[in-house]
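Asks: These are the residues of each chain, in order.
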Amino acid sequence: MIEINELTKRYGGTTAVNGLTFTVRPGHVTGFLGPNGAGKSTTLRLLLGLNAPTSGTATVNGRPFAGNPRGLRQVGALLDAGDVHGGRSARAHLTALAQSNRIPRGRVDEVLREVGLGSAANRRIGGFSLGMRQRLGIAAALLGDPPVLLFDEPFNGLDPEGVLWVRGLCRRLAAEGRTVFVSSHLMSEMQSTADRLIVIGRGALLADASIAEFAARGTAPGVAVRTPEADALTALLTAAGAVVRPDGGPDQLTITGLDAERVGELAFQHRIRLTELVTRTASLEQAFMELTADSVEYLAGDRT
Amino acid sequence: MTITVDSPSPAATAAAAVAEPRARFRDLLAAEWTKLWSLRSIHWALAATVLAILAANANAARSDLANYPNYSAEVKNYWFVPYWAMRDAFTNNSAWIVALAAGGIGAIAIVGEYSTGMIRTTFAAVPARRSVLAAKVAVLTGLMLVAGAVMAFGSFWLTQAILSHRHIGISISQPGALRCVIASALFPVVCALIGFGLGALIKHSATTVIATVGVLLLLPNLFNSPDKRWICDLHNLMPIAAWERLAFIGGRQQLFGPYPATITGSWLTYLIWPLVAVLLPLLLVRRRDL
Numbered sequence: 034m035i036e037i038n039e040l041t042k043r044y045g046g047t048t049a050v051n052g053l054t055f056t057v058r059p060g061h062v063t064g065f066l067g068p069n070g071a072g073k074s075t076t077l078r079l080l081l082g083l084n085a086p087t088s089g090t091a092t093v094n095g096r097p098f099a100g101n102p103r104g105l106r107q108v109g110a111l112l113d114a115g116d117v118h119g120g121r122s123a124r125a126h127l128t129a130l131a132q133s134n135r136i137p138r139g140r141v142d143e144v145l146r147e148v149g150l151g152s153a154a155n156r157r158i159g160g161f162s163l164g165m166r167q168r169l170g171i172a173a174a175l176l177g178d179p180p181v182l183l184f185d186e187p188f189n190g191l192d193p194e195g196v197l198w199v200r201g202l203c204r205r206l207a208a209e210g211r212t213v214f215v216s217s218h219l220m221s222e223m224q225s226t227a228d229r230l231i232v233i234g235r236g237a238l239l240a241d242a243s244i245a246e247f248a249a250r251g252t253a254p255g256v257a258v259r260t261p262e263a264d265a266l267t268a269l270l271t272a273a274g275a276v277v278r279p280d281g282g283p284d285q286l287t288i289t290g291l292d293a294e295r296v297g298e299l300a301f302q303h304r305i306r307l308t309e310l311v312t313r314t315a316s317l318e319q320a321f322m323e324l325t326a327d328s329v330e331y332l333a334g335d336r337t
Numbered sequence: 002m003t004i005t006v007d008s009p010s011p012a013a014t015a016a017a018a019v020a021e022p023r024a025r026f027r028d029l030l031a032a033e034w035t036k037l038w039s040l041r042s043i044h045w046a047l048a049a050t051v052l053a054i055l056a057a058n059a060n061a062a063r064s065d066l067a068n069y070p071n072y073s074a075e076v077k078n079y080w081f082v083p084y085w086a087m088r089d090a091f092t093n094n095s096a097w098i099v100a101l102a103a104g105g106i107g108a109i110a111i112v113g114e115y116s117t118g119m120i121r122t123t124f125a126a127v128p129a130r131r132s133v134l135a136a137k138v139a140v141l142t143g144l145m146l147v148a149g150a151v152m153a154f155g156s157f158w159l160t161q162a163i164l165s166h167r168h169i170g171i172s173i174s175q176p177g178a179l180r181c182v183i184a185s186a187l188f189p190v191v192c193a194l195i196g197f198g199l200g201a202l203i204k205h206s207a208t209t210v211i212a213t214v215g216v217l218l219l220l221p222n223l224f225n226s227p228d229k230r231w232i233c234d235l236h237n238l239m240p241i242a243a244w245e246r247l248a249f250i251g252g253r254q255q256l257f258g259p260y261p262a263t264i265t266g267s268w269l270t271y272l273i274w275p276l277v278a279v280l281l282p283l284l285l286v287r288r289r290d291l
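Chains as they are written, first to last, in our numbering: chain A, 34 to 337; chain B, 2 to 291.
Incorrect hints may have been included.
Stated by the list, open to error - Rough simulated footprint, nothing fancy, chain A against chain B, three-plus residues with beta-carbon under 8 Å:
hint, segment
1, 23-34
2, 38-47
3, 121-128
Hints listed in this document are in silico derivations from the structure and should not be mistaken for laboratory results. Even for Gly, the Cβ is constructed at its ideal location relative to N, Cα and C.
Based on the provided sequences and hints, a complete structural model is requested.
Replies: Right, dumping it as structure tokens:
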């Protein structure tokens with residue numbers, strides 16, 4: 034259980050996190066989404082007590098994390114795969130972490146095997162690819178068998194097999210009743226991983242909802258039609274109470290307010306030929322883009 | 002578009018605390034030892050330093066042994082035993098090498114964590130930041146103490162064994178000799194902790210190395226005006242000046258000019274520098290953002 038309450042962090046004049054309030058519950062994978070620079074990493078650092086908040090509180094299992102003398106059995110965190118010393122072997126890195134938290138040495142080899150680094154255990158981390166470092170970071174997070182797991186952008190640098198593996202791992206950890214909080218700036222990574230989403234932009238909360246709720250508030254579901262008689266069909270459907278908009282080409286329409294079956298029936302009755310009739314479901318990606326459109330920090334090209 | 006925001010429910014807050022073994026400082030010592038000793042650069046730096054020191058001092062003794070017949074009667078009767086004999090065991094060159102190497106190792110021990118970002122991983126695993134720093138200091142002190150003892154006793158034994166061919170060596174039972182050896186064994190500890198303190202405050206590799214060299218080696222040279230009392234006092238407060246005084250043997254104190262350092266004052270210098278270098282980061286580490 035993670036509780037963030039009115040959390041604010043300012044660095045000089047910039048506000049990285051602005052009055053955030055949300056709760057992450059056990060038993061789910063909760064996605065933490067936002068464009069680059071939205072404040073995700075800062076929020077996680079505040080949660081771990083690495084940075085001090087300007088105001089507000091962040092607690093794990095009802096207590097500020099920084100109050101624990103040892104952390105690995107409380108929260109397992111992968112903040113940045115680069116937060117390691119390249120001069121050490123993977124095994125030495127994990128051994129030191131295990132020792133500091135009085136975790137049996139045998140656990141080191143266990144987690145190394147679990148993340149698929151068993152054969153690279155004695156190699157220097159400096160020679161690891163980003164994907165291997167992500168796996169090492171995940172291994173460190175798993176060391177203490179904690180009830181709360183934080184993964185910041187765990188998919189970065191992973192190959193497709195690795196992405197599938199992290200998804201499976203997150204879902205398994207959540208199924209075991211743990212709190213799993215995974216940040217990402219890509220909705221596509223989240224939609225098949227998370228059950229719930231917390232979306233922030235410019236440090237402020239934009240949405241806190243289940244995947245299904247979130248999808249429903251994106252682009253409204255509609256019907257896409259292609260017909261050589263677009264004008265006739267537009268008049269017909271508008272009369273039937275639908276909203277019809279031209280979509281792309283001169284023969285393409287998007288219809289909301291009527292379902293595909295009703296659109297097909299009306300066209301058939303009036304002998305209007307349809308060359309395409311598709312039900313368009315809401316896209317998470319689309320919903321995310323719309324939601325964060327106003328809070329994107331770095332935008333390619335100029336907005337017109 | 003409407004957005005609903007879940008507010009934390011009080012009932013859900015009462016989650017069970019995780020059962021875990023009592024936190025022990027010795028676990029942190031073990032962890033910090035693993036961290037320090039698992040870096041190959043530390044092995045190389047230590048081995049190279051110990052060898053360089055032993056070689057430099059043995060070479061000084063060897064050349065004195067060879068040149069002895071040509072020395073004047075004044076040197077032979079007045080200077081050589083015990084003053085020059087002890088200088089061969091602990092040459093100024095070796096003190097410079099020790100200051101550079103030990104200061105550097107102390108700096109690496111902490112800057113390596115900050116510059117790589119490892120410090121965030123460390124503090125997320127052990128939120129008790131002061132305990133982590135204290136464990137680092139203890140491990141570094143222990144390691145440098147062992148290295149310092151090997152260098153100091155090794156240098157003393159080696160050089161005096163060489164000089165004994167002409168019966169111009171001194172024994173450890175010579176008055177003041179043990180103090181010289183102990184002060185030389187502690188010198189790398191003092192330098193390493195100063196490097197550590199600067200590293201913990203500055204956090205950037207290159208800047209820390211420059212600052213460490215500046216404080217340990219360049220600063221003493223700035224206070225170089227034997228006739229001004231306050232400048233001499235400042236010079237005597239420098240770690241390397243304290244070592245020079247403590248590793249000096251024999252009654253020829255005129256070497257130190259009109260305002261020489263005292264033995265007690267030099268031991269205090271040995272104590273205060275590392276104390277400040279360690280306490281300052283210990284006080285600041287809790288509040289700093291990472």
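Asks: So, for every hint listed, does it hold in this structure?
Replies: Hint-by-hint comparison with the structure:
no.	hint	result
1	23-34	holds (count 7)
2	38-47	holds (count 4)
3	121-128	holds (count 8)
Checked against the numbered hints above, the structure violates none of them.
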